[in-house]
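Kindly produce the complete structure, drawing on both the sequences and the hints.
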Amino acid sequence: DALREALKLEWRSNDPDRWHEKLIIMITGGPPCGLLTDLPTEMQINDCPYDTNDLWIMSEELVKENLTLAIVGIEPSVIVCDDFYGALAKNTGGEYIPLINASHILSSIIQSVIIEEDTLLQQFRHIDINEIEKNSLYRHSYVQKRAQSMVEQCQTMADIRNWLKNHPARSHY
Numbered sequence: 003d004a005l006r007e008a009l010k011l012e013w014r015s016n017d018p019d020r021w022h023e024k025l026i027i028m029i030t031g032g033p034p035c036g037l038l039t040d041l042p043t044e045m046q047i048n049d050c051p052y053d054t055n056d057l058w059i060m061s062e063e064l065v066k067e068n069l070t071l072a073i074v075g076i077e078p079s080v081i082v083c084d085d086f087y088g089a090l091a092k093n094t095g096g097e098y099i100p101l102i103n104a105s106h107i108l109s110s111i112i113q114s115v116i117i118e119e120d121t122l123l124q125q126f127r128h129i130d131i132n133e134i135e136k137n138s139l140y141r142h143s144y145v146q147k148r149a150q151s152m153v154e155q156c157q158t159m160a161d162i163r164n165w166l167k168n169h170p171a172r173s174h175y
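Letter 152 of the sequence shown, counting from 1, is numbered 154 in my numbering, and no numbers are missing.
Check the hints yourself; a few may be wrong.
Simulated crosslink set (BS3-like; lysine-lysine; CA at most 30 Å straight-line) [claimed, not checked]:
| hint | residue 1 | residue 2 |
| --- | --- | --- |
| 1 | Lys-66 | Lys-167 |
| 2 | Lys-66 | Lys-24 |
| 3 | Lys-24 | Lys-10 |
| 4 | Lys-24 | Lys-136 |
| 5 | Lys-147 | Lys-136 |
| 6 | Lys-10 | Lys-66 |
| 7 | Lys-24 | Lys-147 |
| 8 | Lys-147 | Lys-167 |
| 9 | Lys-147 | Lys-66 |
If you are wondering where the hints come from, they were derived from the structure by calculation, not from laboratory data.
Structure representation (structure tokens):
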């Protein structure tokens, strides 16, 4: 799992006299194993690894290591779980961004952090929502309400799966 490997990297320490920020960009084309289905069944059907890490717990580990997660989703297959990915990124101070807009948005954020000395968190908070939604199926206000609810109510992937069962997504935004 790529996020687990990112946690194992030897990142620079957070020296208060130096300006260091750490950004992980995850690109995905669909839901993680077992998110929308029973994990043992999905392991058999889709060859998902048995030892799938709990992404929700891993996002907490990213927070502890001061790692910001930006998730780039490839539409349309990721639409079924963009609220989950929005919550996962939001939990670390990052954002979910559709692939069609990712290059422009991420380069703008990184440039602002370098030139203006803003933090990643500051930049992600000030993204123009219209730029995220432009030419995509993604609707930020709908997804962010669901993502915020997940962040507030869930501790593990099992909690997320239960939340999704109890709060089915609308078929369209």
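Hint check:
no. : hint              : result
1   : Lys-66 - Lys-167  : holds (29 Å)
2   : Lys-66 - Lys-24   : holds (12 Å)
3   : Lys-24 - Lys-10   : holds (13 Å)
4   : Lys-24 - Lys-136  : holds (27 Å)
5   : Lys-147 - Lys-136 : holds (19 Å)
6   : Lys-10 - Lys-66   : holds (13 Å)
7   : Lys-24 - Lys-147  : holds (26 Å)
8   : Lys-147 - Lys-167 : holds (16 Å)
9   : Lys-147 - Lys-66  : holds (24 Å)
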